[in-house]
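Q: Using the sequences and the hints, build the whole thing.
These are the residues of each chain, in order.
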Amino acid sequence: MSAPAIAPTAAVPALTAARRPRKLTVAERTLASGLRVLAVRRGSVPLVEVRLRVPFAGRSAGHTAKAAVLGETLLSGTADLSTVDIAVALQEIGGSLHVSADPDRLLLSGNGLATGLPRLLAVLDDVLTGAAYPADEVVGERDRLVQRLHMARSQPGVIAREALLRRIYGDHPYSREMAEVDAVAAVTPAQLRTLHRSRVIPAGSTLVIVGDVSPQRALDRVEAALSTWDGGAQAKRAPRVPPLQPGPVVLVDRPGAVQSNIRIGGRALPREDPHYAAMQLANLVYGGYFSSRLVENIREAKGYTYSPHSVIEHSTAGSSVVTEADVATAVTAPALLEMRYELGRIATVPVGERELGNARQYAIGTLALSIATQAGLASMLTALLTSDVDVEWLREHTSRLGAVTVADVAEQAARFLAPRALATVVVGDASAVRPSLSTLDEVSTE
Amino acid sequence: MPLRPVQIPSMSYPVERSTLSNGLRVVISPDRAAPVIAVAAYYDVGIRSEPEGRTGFAHLFEHLMFQGSATLEKLEHFRYVQSSGGVFNGSTHLDYTNYFETLPANALERALFLEADRMRSPRITEDNLANQLAVVKEEIRVNVLNQPYGPFPWLLLPPVMFDTFANAHNGYGDFGDLESATVQDAASFFERYYAPANAVLSIGGDLDPDETLAMVERHYGDIPGRDAPQRPDFTEPDLTQERRAMEVDALAPTPAVALAWRVPDPADLAAYLPYLVLAEVLTDGDSSRLRRRLVQGDRIVTSLSGYLGLMGDPFDVRDPTALLLQAHHPQGVPVERVITGIDEELRRLADDGLESTELARVIARIAAHQLRGVDSILGRTLAMAIAEQQRGRAELVAELPGLIAAVEPADVIAAAAQLVPQRRAVLELAAGGAK
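So the protein sequences, as listed, match chains E and A. Per our numbering, the first sequence starts with residue -9, numbered consecutively. Per our numbering, the second sequence starts with residue 20, numbered consecutively.
Treat each hint with caution, since some may be false.
Stated by the list, open to error - Where chain A lies over chain E, by a calculated footprint (3+ residues, C-beta under 8 Å):
| id | region |
| --- | --- |
| 1 | 64 to 74 |
| 2 | 314 to 327 |
What the hints assert, rightly or not - Facing chain A, according to a computed beta carbon distance under 8 Å, are these residues of chain E, among others:
| id | residue |
| --- | --- |
| 3 | Ala77 |
| 4 | Gly84 |
| 5 | Ser144 |
| 6 | Ala247 |
| 7 | Ser281 |
Don't read these hints as lab results, they were simulated from the structure. Model, not experiment: these values are computed from the prediction. C-beta atoms are modelled at their ideal positions from N, C-alpha and C, and glycine is treated no differently.
A: Rendered as structure tokens:
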């Protein structure tokens, strides 16, 4: 652990000795089908959390659309069960099951009363081995998805996100988190059945179970319940991400907008990289938590924005760092100037020991908080699988954070947070913000 | 699949309560499973208590409570919590304002000190007020003014449903009102509403109750006591005639509609809980009544939800409050079709009753949802704080699943029969952003 984190105000009580979290014991088994199963007992409430991660990368816009519709209709019936039958079966155990698709994977997230685990697994088996994609249901869900995509794309945050992803990923599938309406409308039930057969497969998939359950019995139950889920070939991974080409500020016009959505993004180190802890702390000091330079500058000193922040996002084929700030239209250029100043500062000037110590304690403490609930632990374990690291990573990461030096932070900040390494997107009223933005940088309009 | 109603599990959490000589009520609930603690201070003042001409003030004041305090400079509160490995937040609701943090257990006394320091005296200055006024305006822009569906329905429905300023006004605040707020307003608001006797301090997690109470005495004991304000009577008569309004959302691509009915005083749980169950019977998941009818059957609705409380939490609000149903529908679907479908399903439920397993499975869902919410020490500490403040019963957190399981079919049917057109407020949201 580090030196005292902040200058002590006389009256503020000191921290007492840190208490160690209980050791995390994970039971694990890989089934003959290739499905990897992890189970952890966490008896805090009589519930169980389930996450099934199925690799689902694809290369085309058509795949993004098919994956999205498949996610909406995986629970829409089997040969024997209707949508309502499946929903009833889950509701009876106080349960629910949701499916989401992203450019890396299909994720089935479920939970329910712990006594309902056998039922939850039975429903999983029903849909994994028997999802029928009934034509009528597919048409209904497809139409609703089109409507929801229109609604999502009316949100400035979504417009900004899509523009930034295009900017930093070019034509890579990671630029297409959200499906295109036309492609969705063209998806057929037959395509979904084919896609399910070839890609909703146990090889490469991982099932995480956390809750008030016996881990060994949970593994046995999974093995029995999912014994007929097999087939398919090899899971596919997303292709390598292309190098980032920093360029002009991309300005997306939203006439009359009262705010501008500023996004600055670039590459980041993945969790498994030995320098990741230093990158994480560099990002925290810069803009990754409330006590960061970015928040203290553009929120607490200047009042430009409500919730500025910088996050590192992990995908299988590469990680990224993204700063977001939604600022009043009138201060768009001044806010971007300050954001770039803070990026430039952390990339060129060593951080203070105290700043580093504060960020370090925050990273260590919040890592423990994030896995203190059943749902948090289940999601964290699933996220680690995206990075191809195992549970030991959690424990080791605390030590790695403890060992990071000011020089380590400087090195990673210079690589990943330097303004010239990053792309900028601004969504806002172009006529109002272009003139002042143009004083800072070249601006291209999208 | 065999139908066998599941047993609703019961929980039990220890609760130690005491009241300091200055009137501060304290509830402490140890749980040593993980080395984590949470501290929450709940003040019994919210949006409803704002004076006329000062809309949004309770929320602006919440921001000011983070700007330094008796012994702490601006920014120090954030830094102390986060550099101890914790997270913090605050929020403003209709009937209360809360401040909370969750941290590693070794920061317990520090957290208590930080909360006590601002109950003693926040550092409210012209500079801090101007800064947080700007921040709050950006918060309103990001969540309301620049956001499709941003004010729908929580800011738009109250003025349709209610007549008094307290219940009807915009709790985020009018920019003109916010700009006219002064340091003196803030000082008076603090003096009046932030008395120890108007607050509940809830502490949970890996702690020893006796040691914790001693820490509370140490840091809060010498904060001078002052009288808690009398809570005004906010009640209003129920509607006897349907009220309707339409608002245009310039950013929304498709229309939406919200319907709301008054429900019994949440203080009377036996009368109130059937409405909680009813909202879930109508809208929870693909087996719910309204999803089956409007989403899967008629296919005239894109998304649908139903809940108690204008801000979405059934157990953190006092009377008067409401059951809400809201739906987004395609531009080509007349809103009357959606409303008629809802009316027909409500009548069918009131006339024909529930399906054989319908109540049991909805109760299982609500119980699981409640349990999930109190799995985190923070979630449980917050739930205990509000239950203690509004009901004098932090233990309710553990008792709720059992109380919900006791709701009878006849109670739900009777509740459905109350959701008639002449008692409701309807807000139609027109899609100004439709292409």
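Q: Next step is simple, just say for each hint if it's right about the structure.
A: Hint by hint, here is what the structure shows:
| no. | hint | verdict |
| --- | --- | --- |
| 1 | 64 to 74 | holds (count 3) |
| 2 | 314 to 327 | holds (count 3) |
| 3 | Ala77 | holds, 4 Å |
| 4 | Gly84 | holds, 3 Å |
| 5 | Ser144 | holds, 5 Å |
| 6 | Ala247 | holds, 6 Å |
| 7 | Ser281 | holds, 5 Å |
Taken one by one, the earlier hints all hold for this structure without exception.
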